[in-house]
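Protein chains: 2
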Amino acid sequence: MYTPALQNLCIVMVETSHPGNIGSAARAMKTMGIKDLRLVTPRKPYSQETWALASGANDIVEQAKIVHSLPDALADCHYVIGASARSERTLRWTQMDARECGTTVAERLPNQKVALVFGRERTGLTNEELEHCNALVHIPMAFDFLSLNIAMSIQVLGYECAMAVREPPAPAEPEETLASSEAMEGFYTHLEQTLVDVRFLDPENPRLLMRRMRRLFGRANITTSEAGMLRGMLAAFAGRKFQHRSSSTT
Amino acid sequence: MYTPALQNLCIVMVETSHPGNIGSAARAMKTMGIKDLRLVTPRKPYSQETWALASGANDIVEQAKIVHSLPDALADCHYVIGASARSERTLRWTQMDARECGTTVAERLPNQKVALVFGRERTGLTNEELEHCNALVHIPMAFDFLSLNIAMSIQVLGYECAMAVREPPAPAEPEETLASSEAMEGFYTHLEQTLVDVRFLDPENPRLLMRRMRRLFGRANITTSEAGMLRGMLAAFAGRKFQHRSSSTT
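First to last, the sequence lines map onto chains A and B. The first sequence begins at 1 in the numbering used here and counts up by one. The second sequence begins at 1001 in the numbering used here and counts up by one.
In short, the hints are calculated from the structure, not lab data. You may find that some hints are simply not true.
With the C-beta cut set under 10 Å, the calculated list includes, among others, these residues of chain B facing chain A [as the list claims (entries may be wrong)]:
| hint | residue |
| --- | --- |
| 1 | R1027 |
| 2 | F1145 |
| 3 | G1186 |
| 4 | Y1188 |
| 5 | A1220 |
Ideal Cβ positions, reconstructed from N, Cα and C, are used throughout, including at glycine.
With the hints as extra help, turn the sequences into a complete structure.
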């Protein structure tokens, strides 16, 4: 069920204050195929909001491991990445942005257990907790004074990990076929004739207008059935015209 | 204050049920430097939760434009991308994933106003609303039966847009401006009337045909001058018709 590629990735939330954030985090994880949630001394028990926000990811919450210290949460992990609200100006840790984090996780997961650690909603991780991290990750933001909600951060980093491990998707099987060049040439000829008939197009100098029509319809990737529909429209216009001619000659 | 690079990007939320989601969406937008929020008939007024979850992004909520229809929200937009829960197996719209969406937005923003449209929490966008979109975007997910919370989707797509504009791609210098939604609506109305006049379109049941036309022309990225040319063609067809009527009454 879960993406095997991410089965060695765990999410650690430290002293989370709002039980709703745990539910939102579980949903964010599940959408990205991550199932291993570890909670270090959450401040409150699960609430109705936890389950409401988990919304289909209840299994993640039910299976979450609750521990009393960060080292307990990280015991089986080989590589630990701490989430930081901003890029730290320090050489003490390897720094990465969210995209680099995805790449790093994807490179390590086949052989290592990797943890992404998220601190308290307001104050993040303490310096002591940061010492347990091999690297820090930040999500590039427009403002320094505003940060992402914790579940939002888990969503974005989880998304980057999922993107980094995914294999290029097989091309979608199209439900319709594109019109062939032959079919499109038939349409252009039909269009040109109809435009000449209504005197919108000067047959003495037809080139520019038809070129523009070719560019326009060429960009649209017309399907076979759409080409048929367009020619049906032209026939309707032409029918009108023939009707006109016959009435004007009577 | 806001990333100038994203000032031409707007977020449109259609008939949002939970006022809290509007607050979360505003915060998600602000962290990524997006400020233009448009709400199509939200189902409930703002609540305490709206402001609590906006958390520092109150200005986005206060300046949000509330309108009564999707076309009203999109009137000044040149390119519209609808959020879809999954990749549609169809050629009817240009399909992109979140990353491709970021690239597309970054390429267009210097010269165009771009909208990202998000549907109702449970049911998304209606087929009719999808007709107003030039393309669909999905966030790749691990499960088909679970979707991202709407504010989470805005966070991820906003993040991808912000990442994509960080390093400005060499923009293809457009030689022409794209027709606005308003101009395209004028064209569709004109087209529909002309098709009714030549009896190609049954006014009792016009929907399917016009939907197909919207999809077709929506994919083509019609320029302002092309829209004028198309309407000139329609006028030529209509002129023919009027000529016919006058001759048939003599």
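Consistency of the hints with the structure:
The criterion of a C-beta within 10 Å of any C-beta in chain A is met by R1027(B), whose closest approach is roughly 7 Å, and the hint holds. Because the beta carbon of F1145(B) sits about 7 Å from the nearest beta carbon in chain A, less than 10 Å, this interface hint is met. Evaluation of the G1186(B) hint against chain A yields a violated restraint, the C-beta minimum of about 17 Å exceeding 10 Å. Using the Cβ-Cβ criterion of 10 Å, the hint placing Y1188(B) at the interface with chain A is not satisfied: the shortest such distance is roughly 14 Å.
Hint on A1220(B) holds. Least Cβ distance to chain A is approximately 4 Å, under the 10 Å limit.
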